[in-house]
Amino acid sequence: MAGGQERILRRRIKSVESTKKITRAMELIAATRVVKAQDRAASARPYSDEITSVIVDLLRAGAAKEHPLLRDNPTANVAAFVVITSDRGMCGGYNTNVLRMAERAIDAARAQGQGYSVIAVGKKAIKHFRFRGLQIDAEFEGMTDQPIYDNARDIAAAVRRRYESGELASVDLSYTRFLSSGVQQAVLRRFLPLETPAIDEAAGPSADLEYEPSPTGILNEILPRYLESRLFSALLDASASEHASRQRAMKAATENAEDLKTSLSRIMNRARQDSITTEIMEIVGGAEAMSADKGSAHELIPSHLEPQHAFPVHLDRTDHAPSIH
Amino acid sequence: MPLAVELVSPERTLFSGDATMVRARTVGGGDIAFLAGHAPFVGALAIATVEITLAEGGSEKAAVHGGFIEVSHDRVKILSDLAELSSTIDVERARKAQEKAQAAVQNGDDADAIAALARSTARLVAVEQFH
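Chains V and E, in that order, give the protein sequences. Going by my numbering, the first residue of the first sequence is number 1, and it counts up by one from there. Going by my numbering, the first residue of the second sequence is number 1, and it counts up by one from there.
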């Protein structure tokens, strides 16, 4: 009885141990991915900074603010949401936080009598919204682990056409911002209409710039790129956050496995001890019964029975010489 | 005083260094070259080659497929969402793409084929293998 329990425990400890090995490996992989994702975000920054400063210069120079991406669509009554999640789980509350935030925003839009349109990025978002019975207008997967610029271009294209045609009233972006490797925050950001950077009108046009073709012409070219670049930095942020969350979740899992292993070994040792005690009791009891029958003291323990016969497995022997009890 | 040139793609900075001259082609505006002391300038780039004459001699060429150039205070910033330095261009592939695009243009000049032709030509010009 007791031996059976011990075997079961030993099997569980083994399985916890191998789970621990897996979570430890995932933790280490995630840790290197976080660093990589941060590097990528850092090397993407010059482009987005520069593109923003060019737009500021153009607006200062009096470029027409009539681009379809800048104006409101007063007749449209559909709010679009781009939701960026991961493809894989095992990353703690990372996906739940983003999805909850997005869903609350969708509910708010519906409560105001607006239509909604979901653009799901990442398998988790696709599955979640499908399960909730919400209509998904565009879905993207296989890009959030290590996003490339082409991914941003694809998503931007899906949104841009519909906004420019006046179908969408607004586009919001729901993703996880990477603040530091310890802190990530799910945020909901207005994506379209584009908010033009604040311009100090009093400053007037900055140093007479030459433009080719015209400020408005360049602005029309640059705004779609700006859209893509903002989406790209959101994707990079989300991917860094995903790996950081996964690293944390897997670290916790590894520690839990360690704790579980300790407590299971304790239970197992106790069970082993119990079974040894029971066996001793049985032998002693049996011997006493026999001595009560025969009444002779030297037959208390049969002469042919040595300790290794009584405890073949459990006796932790330090010396291997046969005992002459 | 040399020009501080940066060639930036959305994913990384492709080139950063000092140059004596930068030559680029703007949309509909033809080629334009920048020397130190050029007036502030912002332009939209055509699908073409950008040539950067390095301060320490030699030159760096890159094929840019659209993008922007900003010049001010002797700093030149070239932003392009698709840019390739000549050293990273696959000549064989570019040549094949050019032949294919040329055939497509001759069959019927749709915008895609013309753009593909311009792209492959820009790549080949960047590696100076264009005839």
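The hints are simulated quantities; they were obtained by calculation from the structure and are not laboratory data. Mixed in with the good hints, there may be bad ones.
[Claimed, not checked] Examples of chain E residues toward chain V, derived with CB under 8 angstroms:
(1) T13
(2) R25
(3) G28
(4) G108
[Stated by the list, open to error] Here are the simulated SDA-like cross-link-like pairs (lysine to any residue), alpha carbons at most 20 angstroms apart as the crow flies:
(5) V:K36 / E:T13
(6) V:K36 / E:E11
(7) V:K36 / E:L14
(8) V:K36 / E:R12
Glycine included, each C-beta is placed from N, C-alpha and C at the ideal position.
Of the hints given before, which are not true for this structure? Going through the list in order, the structure violates hints 2 and 4 and respects the others.
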